[in-house]
Amino acid sequence: NAGVTQTPKFRILKIGQSMTLQCTQDMNHNYMYWYRQDPGMGLKLIYYSVGAGITDKGEVPNGYNVSRSTTEDFPLRLELAAPSQTSVYFCASSPRQGDTEAFFGQGTRLTVV
Amino acid sequence: AQSVTQLGSHVSVSEGALVLLRCNYSSSVPPYLFWYVQYPNQGLQLLLKYTTGATLVKGINGFEAEFKKSETSFHLTKPSAHMSDAAEYFCAVKGRSNYQLIWGAGTKLIIKP
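Each protein sequence line maps, in turn, to chains A and B.
Take the working numbering: the final residue in the first sequence is number 113, and no numbers are missing along the way.
Take the working numbering: the final residue in the second sequence is number 1113, and no numbers are missing along the way.
Bound conformation, chain B alone:
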């Protein structure tokens, strides 16, 4: 069965520092992978996705993620954190059925001034 594990329910970084949010997945089929962001009291918004092709995917707000099949990982990074990046981030993988996304538990990103 597909599953998604996000390491760390909370990650704290200083403003200007590297952001690294970890996501590992299991999938019995070639995965479609997604990162969504949820700002306080708002719905989720797509940051980026990997379906096929280039394994380094660039998203909005300076975020990018790299699909590593050998490590079954899809970690999210940003070179320099900004206060506005404070939010909760969710990794998801398409399930066996086309309608279904399997979601990680989320990582809350805290930015220290």
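Isolated chain A, as found in the complex:
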């Protein structure tokens, strides 16, 4: 089972460039999430989606955009990359909200220079 797949695994961006982090899941989960993980900090929720066509902001959405055209895919777009966006990004999915396990991708390590 593939689970949650993220690409790329690593990326270096120059300030002002843009990119899309890809995330796809094959578990038919309705809920999908994007987190960022910074050293010494817990995960911070960037955006989430409760189903195809429905997205909403999390705790730290500024500088990011998402779309959810299918159940499987939940790409994260960075526009005008800034050094503050240097982080490890995780995509996750879950079958429902609240008390259930979230399944995580392996992460994308992004450096903005």
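For the record, the hints were derived by calculation from the structure and aren't laboratory data.
These numbers were taken from a predicted model, which means no experiment stands behind them.
The beta carbon of each residue, even a glycine, is placed where N, CA and C say it ideally should be.
There could be a bad hint or two in this list.
To be verified - What follows is a set of in silico ranges between Cβ atoms, one per label pair, in the way DEER data are often shown:
(1) A:A52 <-> B:S1012: 44 to 50 Å
(2) B:S1080 <-> A:P39: 26 to 32 Å
(3) B:S1028 <-> A:V60: 20 to 26 Å
Said to hold, decoys possible - If you want the footprint, here are the derived chain A segments under chain B, 3+ residues with CB under 8 Å:
(4) 24-32
(5) 37-46
Given chain A's structure and the hints, the job is docking chain B onto it.
Positioned in the frame of chain A, the structure of chain B alone reads:
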């Protein structure tokens, strides 16, 4: 507001010794509590969770945690550490909104041979 505090960013134990990772939370509603583990260069994986019922929860790889409401704690333990337990461990509590998890900063577990 909900919050999670993990005591100690790094915990070092000898192989075969007791593992104790501390987690305290604050929540204005009955909490759902989670422990996740992150092995190097991988995504997070659920170890165990508490939602309702028995306060001693058993998880994978011999870990368990006890929910103590009076102490607002959910400490993670394992009787005998193994080298393969070296990883970072995250405690989380469900936020006020169903989609949200509030994460602790993580504790890196180091196993000494």
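Hint check:
no.: 1; hint: A:A52 <-> B:S1012: 44 to 50 Å; in the structure: holds (46 Å)
no.: 2; hint: B:S1080 <-> A:P39: 26 to 32 Å; in the structure: holds (30 Å)
no.: 3; hint: B:S1028 <-> A:V60: 20 to 26 Å; in the structure: holds (22 Å)
no.: 4; hint: 24-32; in the structure: violated (count 1)
no.: 5; hint: 37-46; in the structure: holds (count 6)
Violation of the numbered hints given earlier is confined to hint 4; every other hint is satisfied by the structure.
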